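Protein sequence lines correspond, in order, to chains G and S.
In terms of the working numbering, the first sequence has 89 at position 89, counting the first letter as 1, and numbering is strictly consecutive.
In terms of the working numbering, the second sequence has 1138 at position 138, counting the first letter as 1, and numbering is strictly consecutive.
Honestly, the hints are just simulated from the structure, not real lab data.
This one's a predicted model, so the numbers in the text were calculated from it and none came from an experiment.
Check the hints yourself; a few may be wrong.
Stated by the list, open to error - Sample of chain G residues at the chain S side, in silico, Cβ under 10 angstroms:
#, residue
1, Val18
2, Ser55
3, Ala57
4, Ile66
5, Asn87
6, Thr88
7, Leu97
8, Asp103
9, Glu106
10, Leu110
11, Ile111
Stated by the list, open to error - Below are the BS3-like pairs computed for lysine-lysine, each with C-alpha atoms no more than 30 angstroms apart in a straight line:
#, chain 1, residue 1, chain 2, residue 2
12, G, Lys102, S, Lys1118
13, S, Lys1113, G, Lys99
14, G, Lys102, S, Lys1113
15, G, Lys108, G, Lys5
16, G, Lys104, G, Lys70
17, S, Lys1026, S, Lys1118
18, G, Lys5, S, Lys1113
19, S, Lys1026, G, Lys35
20, G, Lys102, G, Lys43
21, S, Lys1006, G, Lys99
22, S, Lys1118, G, Lys104
23, G, Lys102, S, Lys1123
For every residue, glycine included, the Cβ atom is placed at its ideal position computed from N, Cα and C.
Listed below, chain by chain, are the residues.
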Amino acid sequence: MIHIKRLQEDGADVIALVGEIDASSSIELDLAIAKSVGEGFTKILVDCSALEYISSAGLGVFMSYIEEFKDRNISMVLFGMSERVLNTFSILGLNELLKIGKDKGEAKQLIS
Amino acid sequence: MNYQYKVGCSIENLKGVRDFIRTSLKKHAVPDLAVSEIVLALDEMCSNLMIHAHHCNPDDLFELHIHVTQQNPIVFEIIDDGTVFDINQFHEPELNNIIHEKRKGGLGIRLVKSIMDKIEYQKSSGRNICRLTKSVNFQ
């Protein structure tokens, strides 16, 4: 079960993920990112501080946008991950392929 | 100790599967990070089974057994009677291809193989048993 909240800050779209993302809920993450892109945001911050769990289905959603974001000059930074969630990204080295900041401040620096 | 969980093949039930694994392993001083990796691998195996072998039919049931003592390895068995999908026979796509083709799948099997020590398949009384083993540093 995942709750997704969006708010705008300094021209960036902040997508906050609350709960767990698995095969039954990864579609909601996909829709939220697609909506942000559809509304024309080129800076997307993903707040993972209340993300308790992410399965490969959720990792796959982030991976699927890497190429498109490069082509369209859209920048995305994830931040606020717990050690557990960060470890999930690290097992396959996805932490090297995605931009990940420690907190919102660092994420804002990484995105500009 | 043996722990058993029987559940229908609806992906809405994955949360219950994860909670069962966490609760069982935490009774045996398995470190948190190891628990979270095991949960990740088994979530992947169970969601694959629900989606590909049982087309998310909630009336199809499968069982997850956990055998855990203070000695390694911990043994997990996923038992069902659907079509077997042997992940050892599956060549997972390269990460670069996953990015390039904008695929949303393909990461899961790579994760399972990175996390688990061994994955074996066996038939017993007409049922499929997928046995995964993992050694951890008990706290």
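Problem set entry | Index of numbered hints that the structure contradicts, given in increasing order | 1, 8, 9, 10, 11, 12, 18, 19, 21, 22 and 23
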